[in-house]
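Colleague: Sequence:
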Amino acid sequence: MRNATIRTLAAALLLAIGILAGWQAGAQDRRTLKPNQVARVGQSIISAEQLLQRVIEIERIMVAPDRRVEAALNTLVVERMLELEAERLDEVGGGQLKFREVQVEVDAMLAQARKELAAENKRLLEDQRKAGQPERPWSWGEWLEKRLMMTEKEFDAMLRIRARNDLMKRMVVWYWFRSSQNIDVMLIQCETQDDILAAERKLAGGADFGALAAAVSRHPSARANKPGLLQQIIRGDGSLEKAVDEKAWSLKDGETAAPIAVGKAWYIVRRIGTNKRIPNEAKFIDQRDDCLKAANVSDELFERWRKSVANSGRYAYEERLPGRDTDADQ
0 MRNATIRTLA
10 AALLLAIGIL
20 AGWQAGAQDR
30 RTLKPNQVAR
40 VGQSIISAEQ
50 LLQRVIEIER
60 IMVAPDRRVE
70 AALNTLVVER
80 MLELEAERLD
90 EVGGGQLKFR
100 EVQVEVDAML
110 AQARKELAAE
120 NKRLLEDQRK
130 AGQPERPWSW
140 GEWLEKRLMM
150 TEKEFDAMLR
160 IRARNDLMKR
170 MVVWYWFRSS
180 QNIDVMLIQC
190 ETQDDILAAE
200 RKLAGGADFG
210 ALAAAVSRHP
220 SARANKPGLL
230 QQIIRGDGSL
240 EKAVDEKAWS
250 LKDGETAAPI
260 AVGKAWYIVR
270 RIGTNKRIPN
280 EAKFIDQRDD
290 CLKAANVSDE
300 LFERWRKSVA
310 NSGRYAYEER
320 LPGRDTDADQ
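When we follow numbering that gives the first Met the number 0, the leftmost residue of the sequence shown carries the number 0, and every step to the right adds one.
Treat each hint with caution, since some may be false.
Stated by the list, open to error - Below, in silico cross-link-like pairs of lysine-lysine (BS3-like), each with a Cα-Cα straight-line distance of 30 Å or less:
no. : residue 1 : residue 2
1   : 263       : 282
2   : 292       : 114
3   : 306       : 225
4   : 168       : 97
5   : 251       : 306
Bear in mind the hints are in silico, worked out from the structure with no lab data behind them.
With the hints as constraints, model all of the structure from the sequences given.
Modeller: In C-alpha cells, the structure reads:
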C-alpha cells in the first residue's frame with residue numbers, strides 16, 4: 000500500500016510539473032516551432048525527445064498495464080512492417096489499396112454502427128413508453144457523443160483508419176498464410192533434462208507420442224484435443240521456440256529430433272507432415288482480391304505473421320527510446 004501511495008504521489012508531482020510547463024508554454028507564440036519541437040519557454044526549446052523521455056519517466060513508476068509508450072511503439076512498428084510488405088508485394092502489382100475498396104469497408108462498418116444505434120433506440124423507446132415518458136430516440140450525433148465520445152467527423156476519420164488497417168492485414172497476412180510452406184509437428188516439453196531423457200527412452204521403446212505428451216509435456220499443446228500436435232507451422236512464426244523451429248524444419252517427415260535445450264526447458268520435436276495445407280502458388284496479384292474478401296485477420300494469426308517477418312531478416316530493426324536506451328537529444 001505504501002509503495003502504491005508513493006507511486007501515486009510521484010506521478011502526481013511529475014504531472015503537476017508538466018501541467019505548469021504546458022500552461023506557461025501555451026502563452027507563447029507557437030508559430031516559431033519546428034518539427035520535433037513541442038514547446039518554447041522564453042528562448043528555451045522543449046524537444047519531442049525530451050517530452051518522450053518525461054513520459055517514459057512517468058510510466059516507470061506506473062503499473063505495467065498503464066504504460067503506453069512501448070505499446071504505441073509496437074503499433075507503429077507493426078504498421079510500418081505492413082506498409083513495407085505491401086510495397087514489396089506491389090512490385091508485381093496490386094499492393095496498394097484503392098479508394099473504392101476502403102470506402103466499401105467504411106460503408107459496411109458505418110452500417111453496422113447505425114444498426115447498433117437502431118437497436119439501442121428500440122430499447123430506449125420501449126423503456127420510455129413503459130415509464131410514460133415522451134418518446135425521444137438518440138440522434139446519430141448524440142449517440143456517437145454519448146457512447147464513443149466522438150463527433151461525426153472524428154468517427155468517420157476513425158472508420159477510415161480502421162478500414163485501411165483491416166484491409167491491409169487481410170491483403171498481406173492472408174497472402175502470406177495461404178502461400179507459405181507449412182509443417183505439422185508433435186512436441187513434448189519438459190522442465191528437466193532427466194525428464195526429457197526419460198521421455199526419449201519411452202518414445203524409442205514405442206510409446207505413442209500423443210499419449211506421452213498428454214502425460215508428461217508442459218507445453219500448452221499437451222492439453223489440446225490431439226495432445227502434442229501443432230499444425231500448419233510456418234517458418235519463424237513463433238509457434239515454436241527458435242531453436243526448435245529450426246530443428247523441425249531440418250527434419251524429414253517422420254523423423255524425431257534429439258532433445259533440445261532452450262533456456263530452462265527441454266523439447267523433443269517430431270515432424271509428421273509437410274504442406275498438408277497445400278500452399279497457393281498463384282502470384283500475389285491473382286490472390287489479392289480473394290484475400291481482401293476473407294475474414295478479418297485474428298490477433299493470433301497477425302502475431303504469427305509479425306514474428307515470421309521479423310525472423311526472416313528481411314528488414315533491419317533497432318530501437319532508441321530516450322529515457323530507456325539513452326538520454327534525450329543524445
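Colleague: Now tell me if each hint is right for this structure.
Modeller: Cross-check of the supplied hints:
1. 263 to 282: violated, 43 Å
2. 292 to 114: Answer holds: residue 292 to residue 114 is near 22 Å, not above 30 Å.
3. 306 to 225: holds, 25 Å
4. 168 to 97: holds, 15 Å
5. 251 to 306: holds, 24 Å
Hint check: a violation occurs at hint 1 only; the rest are consistent with the structure.
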